[in-house]
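Enquirer: Could you build all of it, start to finish, from the sequences and the hints given here?
Each chain, written out:
2 protein chains.
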Amino acid sequence: MDAVTASPNIGRSIPRLEANDKVTGRIEYIHHLRLPGMLYGKIFRSNVPHARIKSVDVSAAEAVEGVFQVVTIDDIRKVIPHPYYGPAFHDQPILADGKVRFAGEPVAVVLATDKRIAEQAAALIVAEYEDLPGVFDEVDAMTSQTLVHDELKPAATFPDLQHLKGRKGTNIALDYHLVRGDVEEGFAKADHVFEHVFRTQQVMHTPMEPFVSVADAQDGSVTLHTASQGPSFVRIEIARLLGLPENRVRVRVPHLGGGFGGKLYIKLEALVTALSMVARRPVKIALTMEEQFFMVTRHPCTFTIKSGVNKDGRIIARHCEVVWNGGAYADIGPRVTQKAGFTSAGPYDIENVLIDSYAVYTNRPPCGALRGFGAPQTAWAYECHTDMIAEALGLDKIEFRRMNILREGRPQASGTPMVDAAVEQAMDHTLDLMNWKLPFDRGSGKIRRGRGVAIGFKGITAPTTSVAIVNLYGDGSCALYIGTVDMGQGSDTVMAQIAAEVLNIDPAAIKIIHPDTDVTPYDMGTLGSRSTYHMGTAVRLAAEDAKAKIAALAAELGLPEGTNAPLAELLRRKYGMQAGNIIGTGSFIPDYQKPDTKTGQTIKGTPFWGVGASGAEVEVDTETGHFTITKLVNVADVGTAINPKMVLQQLSGAAIMQLGFTTTENMVFRDGQLTNGSLADYKIPNLLDMPREFINDYTQSRQKDGPFGAKGAGESTTIALSPAIGNAIADAIGLFLPDLPITPESIFRALQDANGTPLAGE
Amino acid sequence: MDAVTASPNIGRSIPRLEANDKVTGRIEYIHHLRLPGMLYGKIFRSNVPHARIKSVDVSAAEAVEGVFQVVTIDDIRKVIPHPYYGPAFHDQPILADGKVRFAGEPVAVVLATDKRIAEQAAALIVAEYEDLPGVFDEVDAMTSQTLVHDELKPAATFPDLQHLKGRKGTNIALDYHLVRGDVEEGFAKADHVFEHVFRTQQVMHTPMEPFVSVADAQDGSVTLHTASQGPSFVRIEIARLLGLPENRVRVRVPHLGGGFGGKLYIKLEALVTALSMVARRPVKIALTMEEQFFMVTRHPCTFTIKSGVNKDGRIIARHCEVVWNGGAYADIGPRVTQKAGFTSAGPYDIENVLIDSYAVYTNRPPCGALRGFGAPQTAWAYECHTDMIAEALGLDKIEFRRMNILREGRPQASGTPMVDAAVEQAMDHTLDLMNWKLPFDRGSGKIRRGRGVAIGFKGITAPTTSVAIVNLYGDGSCALYIGTVDMGQGSDTVMAQIAAEVLNIDPAAIKIIHPDTDVTPYDMGTLGSRSTYHMGTAVRLAAEDAKAKIAALAAELGLPEGTNAPLAELLRRKYGMQAGNIIGTGSFIPDYQKPDTKTGQTIKGTPFWGVGASGAEVEVDTETGHFTITKLVNVADVGTAINPKMVLQQLSGAAIMQLGFTTTENMVFRDGQLTNGSLADYKIPNLLDMPREFINDYTQSRQKDGPFGAKGAGESTTIALSPAIGNAIADAIGLFLPDLPITPESIFRALQDANGTPLAGE
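Respectively, the protein sequence lines represent chains P and R.
With my numbering applied, the first sequence has no gaps in its numbers, which climb one by one up to 1366 at the end.
With my numbering applied, the second sequence has no gaps in its numbers, which climb one by one up to 1366 at the end.
In short, the hints are calculated from the structure, not lab data.
Just so you know, these numbers come straight off a predicted model, no measurement behind them.
There's no promise every hint is true.
It does not matter which identical chain is meant; a pair holds if it fits inside one copy or across any two.
Using 30 Å as the maximum straight-line C-alpha spacing, the simulated DSS-like pairs for lysine-lysine come out as follows [claimed, not checked]: (1) Lys1151 to Lys1178; (2) Lys1308 to Lys1153; (3) Lys1001 to Lys626; (4) Lys1151 to Lys910.
Expert: What follows is the structure in structure tokens.
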């Protein structure tokens, strides 16, 4: 669907600015970077999930020719006295410190002049462990006597986590609660009460470009070249670790080969910085694809959802208990717990809501942000639950949703009103694209066909800010300084289109200056679908500031208002030559803090709402459980599509990613050991896995305070996809599957368990 | 002399910010840079001064293993159709184009994977020439039938040179004339008329770091890493050559190992850019010390000065005819001709002045800017002339100066009034330091002692502008973005002191972001003593802009005015976390355009006046001509000394440089061939050449519109040094020497020629 606009640059699918450099192989990736004297690091990892380290014998490794040094936490402590980091909790040691907490945890690093030598030497390290009992399941961990950490250590930068400081004797890193109305009273008044439990599995980001970072530490300063989605965060956190001011930490980020939330916060950066300080040489670490399983993953969760429904189909009470398996280190898990927690009751207008959301430590690889930031896990539960209720009550599944949907202006569970959130429109557009009203062939014999729909929404990370600079040179040519990381989503192009629209120039003529904390101003990070809305607005403001300065210059030169003299001419008149700059700055912090209409309290909701709807048609072989997705429709509310083609690429990319998480991807553990940690065993979707018919589209809508009406679009089609497929499967086989992924085996087992009897509802 | 100031940061000799990186060898120089796939270029040069090129045989060179390609102008023309460049005239081909115009001109370049291979292969190139007559002397060239160029090609960027476009049949690139009053009438009225002719020699900049540039050209863009004093100029000129907008040309400059005016405008940059485009590989060229003699040098000149003086000692008329030997390509010579031309009558208040100043082409290596920009050559003439007149009239040389000196507010020859120009104070301070009033031992026998004083001034390059950015990060730490090149003069430190003074922070805590046209805003160049005044003011304005934004932020947060909350706290309050930036910008164009009080015309004089005075005591062996400078005093008007120690280093550095140009340095030519083109034969001063007593100091003064009262100081002690020594020698031996350098041989010959009879005056 094309945006209806008269703008020369908005709503135009111009080609990506970086396309030529990508196809010619000239684009910069950190993997290509070599610095003079640089050492290569290879990580030696724990092979047990929970243990005390008795000894680490590095002598054989250090004896290998070409090995510079083997580094353990003892070496690191000499240069960084408190070597613990993390965005929410300072719980993660740069290398294992006396204990290991998951199988795959970094214990030592071999530094060598050649990466193959480093790899060979790392295989010669011998560690002795004293095994400890492990806890792996999130629900077990809630009450287990096995503790992953002795004490909670929230980061000072998160004021709302300070009450947890020093808490002992628990695996619960954060318990988040939201109360609206009185849920018990609601259940008591309800005609029907339904409760279901859903589970999602642990999965990985799998960027095509694995993690890679290079550090070059000097006395009192460090430069990092890193594949990061959040250079400003890396700068601040490394400055904290090293006790340096921000201006002594430089973080450069060129293009990324994908991120999906994995490359946020500190990943390899603390380690390579410490290694460079120890070695007094530049140090590079590039992970293999397999090692990525031990870096960061998506939270598995167990979601118990209970709803009270009136006989006319109105949901009047809902209790959500979501337990998030955060793995051994919190990473950004506490924020996932809060942000996905507060929307876990779904996009429904419910008077009485109680949400309990728990971030829990276990002895698994750490979990963090992954496209959707918890929303897909909660939507899996609440939207399967929606169909199950409708099925049980004999209601039309669409009309049941429509009756309860959160409409514009109504307060969400947190009290934040729904503004510019096209939930119903997205559902309706999905139904249109599904031809929902046409007759549907339900199959026959062992081949059964079904279809399902789901909707969902997502709050956006907050508080958050972006700053942009527009610099116009003496000949009128333009550069845009932004900390937004172009990791394949096309942000360079979209930001250029926004600046071009304000300045009335060709977006392809704008040069994007890529993230470099010494050069580009602050940006909170390229995450949570925030860039188009936040940085896009900062870019708009910067361009408007530049435009105002151009007008002021024209006035200073005595030109009548509205004179359309080229900037180059104005500057030449002022300076007597081709000289000077017009520098516009823009800083954006969204005005999303609305008071709770009931309590009068200022609550932090969301700057804007991510909204998605999905529809699926499936065909299931009920004898074997094999199934085919014959049609998949995903619709997002993107406000205005700045670049429609790139928006559609984002929507389809997110959908394909979530399709993998729905049907094939699953990190399988046995006693805390990952059993399928390679791309040979862990199956991401390829072309042959695509639905037969695959439609991604967006609604006609407008985010009024977004740049030219735009909002973020990178995650919206991840939200409702899994339950749409789950509901379609249930529609086909008459059984709801509570766990992800949905596999032929899980369908087969469910059919076996049910002995052929359809299972539904209460 | 210490500045009298209560400022915490101004007038403080804090250590240089880059000192640690320099002494530990960590500082970045382009000589250290290697890019992947980079080729090394070695220049093959003409061995004849003026000739048509009949053929260039590169076959033997291209056959050498490791040679990538040998490039001539024909190859370059394929990538740059009009391969001519230059700051004032587009007269210089990137490689010789059909003709060579000086011995040493680049004819071809060998590109090889190794620099030694390139050097060996270059020796195998054979060029055949058809010799043309050459013209080498500037006075001969004025009327010679031998033409160095067929036609004048002024750059479009110099509007005042456009009348010269297409002029043919002359070696005079530019004739500059200044008329004040009626000089012929003045001579007619004068009681005495004196005329003398002075000559200065060709000398070289001799930076410790020879010229070096690396280009990395891509399709439609180029990145240059170069040891340049003028990255903004390089960007604009390369963009013009390539037909690209400015934002597709990136010019990075780290620290320089000296520049002295040599590394201004385009030097190796056009050549390496063209080579990188031809080869489609990064290309580096680093000159040897010897090759620097063929890159750019200081103009020799012949100065005929004629003065009409009243019997009471008032100078009432002066005619200056200055002929500047610009060598084969104009470089910035036309501007030297104008800028040094308009002050060539000296710092004297003369009613009738006629100045004729000529930039002349010859078949010598090109001449351009060199510390002093022509002022030392003209001061050599007018200040020896001053002593000769006083001697002839029996006047006290100091009182004669004092009677005629240009005092505050009086118009200089150009009509520009003297403002904040401490000429007399500098002279008086010099006299104090010389103990001028104490008895002076004049020697005896063959050893004669003498002393001399001289004063001088210099206009500063105009029109000109500087832009600066101050960026304050979330923790309050600060970075300063400036295009000023720190080439040893200490600009990083001074700019940090200025910003620190405004922002009330520690200058050592400020990070300087070095010139990179993709990062730092426009600066006209690091030249002509302009940085402290121009960029210093831009930095002050940028810091004040940031300060105003901080105050606005405090007000936005509801803090009472004058609240002294740390910036980190303000930003944390605004953003809810350590985030955001305060970005201040400052753009400075000096307000120097004062109307001529007589004509009402707007004339371009100078943004400020550089002022120097020198005094020397010498001891001469009249039998051999050997002499010793027993005492040398140099005093500059620097306004306020921001960093007194660094100012004194600048003053002594400039004085030592000019000492070499006064007594030892001389590029000796025979038939257009340089005969002493190596540092073994061309003698720059070393520690043993220092005066026995050597005092450099500055006056107490103030440049009212400079940053905290400061003005530039990098050239002031070059101006009056040579004539002070010349006058001291004359005082000792009773003979004035009209030519530089002053050598034992020139003294010996003068004494021989004069047959022992003192020669003076008319």
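Enquirer: Against this structure, judge whether each hint is valid.
Expert: Quick rundown of the hints versus the structure:
1. Taking identical chains as interchangeable, the C-alpha atoms of Lys1151 and Lys1178 lie at most 30 Å apart whether they share a chain (16 Å) or sit on different chains (26 Å).
2. In this assembly of identical chains, Lys1308 and Lys1153 lie within 30 Å of each other by CA distance both inside one copy and across copies; the values are 26 Å within and 28 Å between.
3. Taking identical chains as interchangeable, the C-alpha atoms of Lys1001 and Lys626 are never at most 30 Å apart, the minima being 46 Å within one chain and 73 Å between chains.
4. In this assembly of identical chains, the alpha carbons of Lys1151 and Lys910 never lie at most 30 Å apart, being 55 Å within a copy and 56 Å across copies at closest.
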